[in-house]
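Enquirer: For reference, the chains in residue letters:
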Amino acid sequence: EAQVTQNPRYLITVTGKKLTVTCSQNMNHEYMSWYRQDPGLGLRQIYYSMNVEVTDKGDVPEGYKVSRKEKRNFPLILESPSPNQTSLYFCASRRFIDVMSDTQYFGPGTRLTVL
Amino acid sequence: AQTVTQSQPEMSVQEAETVTLSCTYDTSESNYYLFWYKQPPSRQMILVIRQEAYKQQNATENRFSVNFQKAAKSFSLKISDSQLGDTAMYFCAFMKHERYNAGNMLTFGGGTRLMVKP
Numbered sequence: 001e002a003q004v005t006q007n008p009r010y011l012i013t014v015t016g017k018k019l020t021v022t023c024s025q026n027m028n029h030e031y032m033s034w035y036r037q038d039p040g041l042g043l044r045q046i047y048y049s050m051n052v053e054v055t056d057k058g059d060v061p062e063g064y065k066v067s068r069k070e071k072r073n074f075p076l077i078l079e080s081p082s083p084n085q086t087s088l089y090f091c092a093s094r095r096f097i098d099v100m101s102d103t104q105y106f107g108p109g110t111r112l113t114v115l
Numbered sequence: 001a002q003t004v005t006q007s008q009p010e011m012s013v014q015e016a017e018t019v020t021l022s023c024t025y026d027t028s029e030s031n032y033y034l035f036w037y038k039q040p041p042s043r044q045m046i047l048v049i050r051q052e053a054y055k056q057q058n059a060t061e062n063r064f065s066v067n068f069q070k071a072a073k074s075f076s077l078k079i080s081d082s083q084l085g086d087t088a089m090y091f092c093a094f095m096k097h098e099r100y101n102a103g104n105m106l107t108f109g110g111g112t113r114l115m116v117k118p
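Which chain is which? The protein sequence lines are A and B, in order. With the working numbering applied, the first sequence covers 1 to 115. With the working numbering applied, the second sequence covers 1 to 118.
FYI, nobody ran anything at the bench for these hints, they're computed from the structure. Do not take every clue at face value.
Derived contacts from chain B toward chain A, CB cut-off under 8 Å, selection only [what the hints assert, rightly or not]:
id: 1; residue: Q57
id: 2; residue: M105
id: 3; residue: G109
id: 4; residue: G110
Yeah, the Cβ is synthetic: ideal placement off N, Cα and C, and Gly gets one too.
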């Protein structure tokens, strides 16, 4: 089954404690991205990656890091989380070639609370 | 930069009736794509329908159809014969088209929460 998985699904942490949210896809997609969802703001892109070792900033990259060492994985790293990073996070992937013929697949979401 | 606006934070509709969700956007691009995504309580994001801006014909997918007005920069979603399973948050999204740059991101509206009542 084609899918994007994220772990953990729920996380409560404290300010300053480094954390990583993992994302993995089994569709051999080149393109992967991270979004955060906040009430009234919809989803905003944090970072994206067009292939292994190729990453770039989205709309709201401050306070986040990513890496793409393998095609299937795209972890999101919060080096020093702050309460304003409390949000619902989505990982997504699609094929690189054609933005319209290929659906963007979203993961199930990770609810992060930073105290 | 593009912006997407959904002016209806919440809507409700009776089962089997028709409902229209509105979406407007602002862009200087001439070639782009528009999408509607559904987010049920499971929080998964599910693509409902998509439209290429260069196509005048409105997209349809079963009970879902859009009214795309390019000049007015409007992209509304019509759900016919509403079902209880349509209860969800709906997001309108914009993506500009750049043929040789697939790193295009989706710009989302704030969402409309739709409740289908039995």
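Enquirer: Now tell me, hint by hint, if it's right for this structure.
Expert: To see whether the hints hold, each was checked on the structure:
{"no.": "1", "hint": "Q57", "verdict": "violated, 15 Å"}
{"no.": "2", "hint": "M105", "verdict": "holds, 4 Å"}
{"no.": "3", "hint": "G109", "verdict": "holds, 5 Å"}
{"no.": "4", "hint": "G110", "verdict": "holds, 5 Å"}
Checked against the numbered hints given earlier, the structure breaks only hint 1 and satisfies all the rest.
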